[in-house]
Each structure stands twice: as structure tokens, then as C-alpha cells.
Amino acid sequence: MTVLHSAPKIASNEGVLDKLVAALGDMLVESTEAHGEIVLCVARDRIEDALRCLRDEHEYQQLMEIAGVDYPQRAERFEVVYMLLSLTKNHRIMVKVSAAQDTPVPTVTTLWPVAGWLEREVFDLYGVIFAGNPDLRRILTDYGFEGHPFRKDFPLTGHVELRYSEEDKRVVYEPVKLAQDFRSFDFMSPWEGAQYVLPGDEKSAGETDREDGK
Amino acid sequence: MSGFQVEESPTTGDEVITNYTINFGPQHPAAHGVLRMVMELDGEIIERVDPHIGLLHRGTEKLIEHKTYLQALPYFDRLDYCSPLAMEYSYVLAIEKLLNIEVPLRAQYLRVMFAELTRICNHMLNLGSHVMDVGAMTPNLWMFEIREDCLNFFERASGARMHSAWFRPGGVHQDVPEKLLTDIGNWLDTRLPELFGDAMSLVVDNRIFKQRNVDIAVVSKDDAIRWGFSGPMIRGAGIPWDIRKSQPYDVYDRMDFEVPVGTNSDCYDRFMVRVEEVYQSARIMKQCIAEMPGGPVASENRKVVPPKRGEMKQSMEALIHHFKLYTEGFHVPAGEVYVATESPKGEFGVYLVSDGTNKPYRCKIRPTAFSHLQAMDMMCKGHMLSDATAILGALDAVFGECDR
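Listed in order, the protein sequences are those of chains H and W. For the first sequence, position 185 (counting from the first letter as 1) is numbered 185 according to this note's numbering, and the numbering increases by one without interruption. For the second sequence, position 380 (counting from the first letter as 1) is numbered 380 according to this note's numbering, and the numbering increases by one without interruption.
Please note that a few of the clues may not be correct.
Claimed, not checked - When the alpha-carbon atoms are kept at most 25 Å apart in a straight line, the in silico PhoX-like pairs for lysine-lysine are as follows:
#1 169/H / 303/W
#2 303/W / 177/H
#3 67/W / 303/W
#4 152/H / 67/W
As the list claims (entries may be wrong) - Here are some chain W residues the structure puts well away from chain H; computed CB gaps all over 10 Å:
#5 27
#6 140
#7 186
#8 204
#9 205
#10 275
#11 337
#12 383
These are calculated hints, taken from the structure and not from any lab test. Ideal Cβ placement from N, Cα and C applies to all residues, glycine included.
Start from the sequences, fold in the hints, and give me the full structure.
What follows is the structure in C-alpha cells.
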């Protein structure tokens, strides 16, 4: 596909994927290249070794970001994505591991001190546990917050709201009361892509089923 | 102040004061917003800093998951509210990368030019507040003059002084008047160098300013890399890394500009890198004005960019496109990209995951201040309490972006 967009141009991806696949060997689970991005999925318990190999032998010196993503329908619902940058080769790759709520991901604070807060953030917002992180406290949410707000099953409006109480002379927490429910509009076109049954269509579906049954 | 302890010395029987812990912020004029730093002090020497962030957390990334791609754009203005257009930049480029659409040349020039104006605007605030943190008042007032000019230019281009929402996937929202370009050109030649030169003449060779900044928070090249530094922080450490230069986006590869680097990697170098960046930004803007071609300012792809009002009066198809784009929005092909641009503060990245619908599945924002603030402990250790304000000033942290 020809590149039409004008997003940042990094060094060519050509040959990089094959080289990294060979270097990572059995640590690698899956590798893809799409939209000009190289993504390497790595076995969870080998992530530290994999990133060390990429840092020391393949010149990906900087860890820029760790992102969490939640896919509730998967068995291991979370993905932890490490964005690596090579200052010398002028190249970027992404390395992924999958994790569930009760399967800790080995920390990479041993490789980059910057991982400390980045892992704290993923822990705070998704509840992914990083084994070996020396300081795995919450970071973005309130002191005493419960739950992991960026999970897909956590409501956008949250569970508690706070206000200053004149009687108690302090900030009090109360369950969220909304004058109007949060409205999530469905803009999906029924002609293309809608995944649900249109109102009324369930009747015809039942009829076809019966016919098939006969 | 809490945890003040007086203990008895085991040998002499005298009373000795042990370490005590103070709260720096969240309501501190030099904390640049709502930053709380728990500091452990030995006398006036900082032993340990524990920054507590998140007091401005608004859950932007979660909100974005519930909005269409276009509706999510204004949230980016509200991240780093000192450089709003630089925040939008990464986001629109990420969408364009997933869609793989071409942006007309004029739009690319306009985006580069206004991104650089944003850089000047941001550095005015940062340099001004940095010198104010270490005790000088006047330069800040002069630099706010420049900032005011910048905000007026933003208003003339987009209608809003700060939260422009002017960069759109596929280009920019509307064209600028010719008069604005000539006015910016005149401003770059007259007012900017005069005001900025005057303000800097008070600061750069000032004895007190140097005493407060030189040799403060020296960071080695290795440390800068390990702590994920970017932008003026990594250039201050002597590493010539600028995403505009090494990974050019839009028309940055046509621009002729220098990347200033520091030599001592202290707070003074970070300050001076930003000072030079202002002049380089002005240079880029002049080139943009000189070279900018005519033509459309947004892609003609009507499945992504809505038509203008005039066209809608004539064409049924345009009306349908307009309606569809402002209700359903456009669908972005499934996939994931990480796009980082050089914001005035450093690498500002957007990790966008699309599932093929009209809303982002996940939009992770990589703020610059997050990694820099994490290094506060490393940088402050062994310095005096009053140096913490200089270090924080040279860090250029804005909490709208850091806490998201």
C-alpha cells in the first residue's frame, strides 16, 4: 500500500521484522506488521529477557510508553504494550504481552527506571499486577479509590462523586446521582456493520429457525 | 509541616533534629499546577522526593472511548492547555495514519506553521514562569505580551484563543485570511525579536539567574535515555534528538532549522535550549509563510472531511455527507498505531487502537511530563529545597497533560 499520510517517517521497516523474529526466537508468540507498525507479541514470563535483548543487542535504547488495553472477551483480557524507540536507528517498535487479572507481568524497572510509573499507571487503571515493581501504588486516581476505571466494564460515570459538606466541614463521598442517565448513542448504520438485531427482526429470525428445524 | 522530630543524641545527650517531611504543593505557586511533592529534608538538603500526581485526572482517555473520532479532538486542547495545537497534532496524524489519507500541501504548511507558533507560545509561558520561580518578575510580564499576540493569532485563525480544535483529520478546519499571514510575518520580524530579546537580555547573563540554575540537576546522557527523557530535556543533556528532524512529519523535511543542544545538562542548559528553539521556530514560520502554496486546506475525501456550508446549499450529496459525518462520524480501519510528534515539551505520543467502528477502541496518550516528573527524585537528590523550584521550572510540567 502506498503511503499517502504525512505521519512521522521513521527508518524503513524493511527486513527489521525478520531480524527481530530471529533474535527473539522462542520468546516470540506472534508478530505482525500493519499500518507501518511492527508489533511483537511476547510470552508474558519472558518479557524482561525480550526487552533486554532488544535494548542491548538491537539498539532500542528508550522505553517511551507502556499502554494497557482491555479486551473483556478474551481469556487473558489485558494487553500491555511497550513502545520502544531506537535513537541510533531512528526506529520504533511495539512489544506486547497479554495478562489476566491474576497473572502478574514481570517488571521491567530493572531495565529502565522510567518503567516504574508507567507500570503503576497500568496497574492503577487496569489492575494488571507487575511482579517485582518496588513501588506499585495507585498513581492517577484519588487516594483511597476502589476499582480500576479504564476497564471496559467500569462505567464512564464512575461509582462515587464528592462534594464539600458544609455540615461536616470536609469533603464527603456519595454514590453518583445523575439527573439524566449517560446517553451512549448508537450511530452504527443498520445497512453496514450493525452487530445487533433490529427491533422487530427477532420475529422473522424465529420463523426462519422454525423452518430450518422442519 | 509534619513529622518534625526532636530526638536525643545517644552519645552526647544533646537534642538533635532528625529529617523532616514537608508537603510541596498541591497549592504552591511554584508547583505549576496541582503537584504535590512529599519531600524528605535533611536541613535544607533534599533527601527524597515523592511526587503525587493525578490531582487533575479527568479520565480523558476513557471519555475518548465514548466519543466519535471528531468529538474526541477537543479533549486534546485541554491536555496541555499551554500548547493546545501541538496536542491535536499527534492525534490527527494518528487518525490519518490509520486511514492513510493524503493531506493537501497548504494544510501541511499551515499545521507546521501553527505548531511552531504554539511552540513559541508555550515557551513564553515556560521561560517566563521559570525565571519567576527563581525570583525575577519583569521578563515574565514582557513574555506574556508575546503570548498574548500568539493567542490573538490563534483566535484569528480558529475563533478560539486557546482551545482551537483547528487541526482536523485530513487537514485544518478552515483557511486563514491572507492578512493574518502578513501580520504574522511582520510580527516575526518586529515585535517578537524586540520583546523576546529585551526579556532575555535581563536573564541569560544575569548573575543571580546563573547562580540559581547552572550546575543544578545535572543529568548524564545515559540517565536521560534511561528515564525516558524527550524534547528540551534530552537535548539539554547533549543528545541531538528532535522528532521534527529525525522523523519528519508533514512538511518539516522541507524546513531548514537547527536543533540546539546543551553542553552541561543542567537547568540553565534546558532554559537556553528553549530560548534558541524560539528563534528556530520563528525561522520555520518564516519559511512556511514564504513557501506556502494555495489550494485546499483539507482533504477532498468526503468520507472523512465534511463539506463546507456553501457546497451543501448546492449539492444533495454534500448535505448527506455533512449529516453522516456529524452524526455517525467516519469509520477508521481496524488496527493500531503509535504516533509521536515533537510537542514543545517533548515527545507527545498517541497510541490509537481502532476496531473498525466510528469510536476509538483505546486511545493512550503519552504525556511528556509523566516521565520527566518521575525523575524529580533522581534530579533533586542532594540539592537545596529552593533548587526544587528551578528544577521543576526547567522541567516544563503542565498537569492537564501529565494527569490527563
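Outcome of the hint check:
1. Annotation: proposed proximity of residue 169/H to residue 303/W is violated, straight-line Cα distance about 55 Å (limit 25 Å).
2. Taking the CA atoms of residue 303/W and residue 177/H, the gap is about 39 Å. The hint is violated against a cut of 25 Å.
3. Under the criterion of a C-alpha separation no larger than 25 Å, the hint pairing residue 67/W with residue 303/W is consistent with the structure, at around 18 Å.
4. A C-alpha spacing of about 14 Å is found between residue 152/H and residue 67/W, which places the hinted pair at or below 25 Å, so the restraint holds.
5. For residue 27/W, the condition that its CB be more than 10 Å from all CB atoms of chain H holds, with the nearest at approximately 15 Å.
6. The beta carbon of residue 140/W sits about 30 Å from the closest Cβ of chain H, which is more than 10 Å, so the claim that it is off the interface holds.
7. For residue 186/W, the condition that its CB be more than 10 Å from all CB atoms of chain H holds, with the nearest at approximately 29 Å.
8. No Cβ of chain H comes within 10 Å of the Cβ of residue 204/W; the nearest lies about 29 Å off, and the non-interface call holds.
9. Once the 10 Å rule is applied to beta carbons, residue 205/W is consistent with being away from chain H; the minimum gap is 33 Å.
10. In this structure residue 275/W is separated from chain H by more than 10 Å, as the shortest Cβ-Cβ distance comes to about 24 Å.
11. Distance to chain H contradicts residue 337/W as a non-interface residue, since its nearest Cβ pair spans about 5 Å, not more than 10 Å.
12. Its beta-carbon lying about 19 Å from the closest one in chain H, residue 383/W satisfies the requirement of being farther than 10 Å from that chain.
Checked against the numbered hints given earlier, the structure breaks hints 1, 2, 11 and satisfies all the rest.
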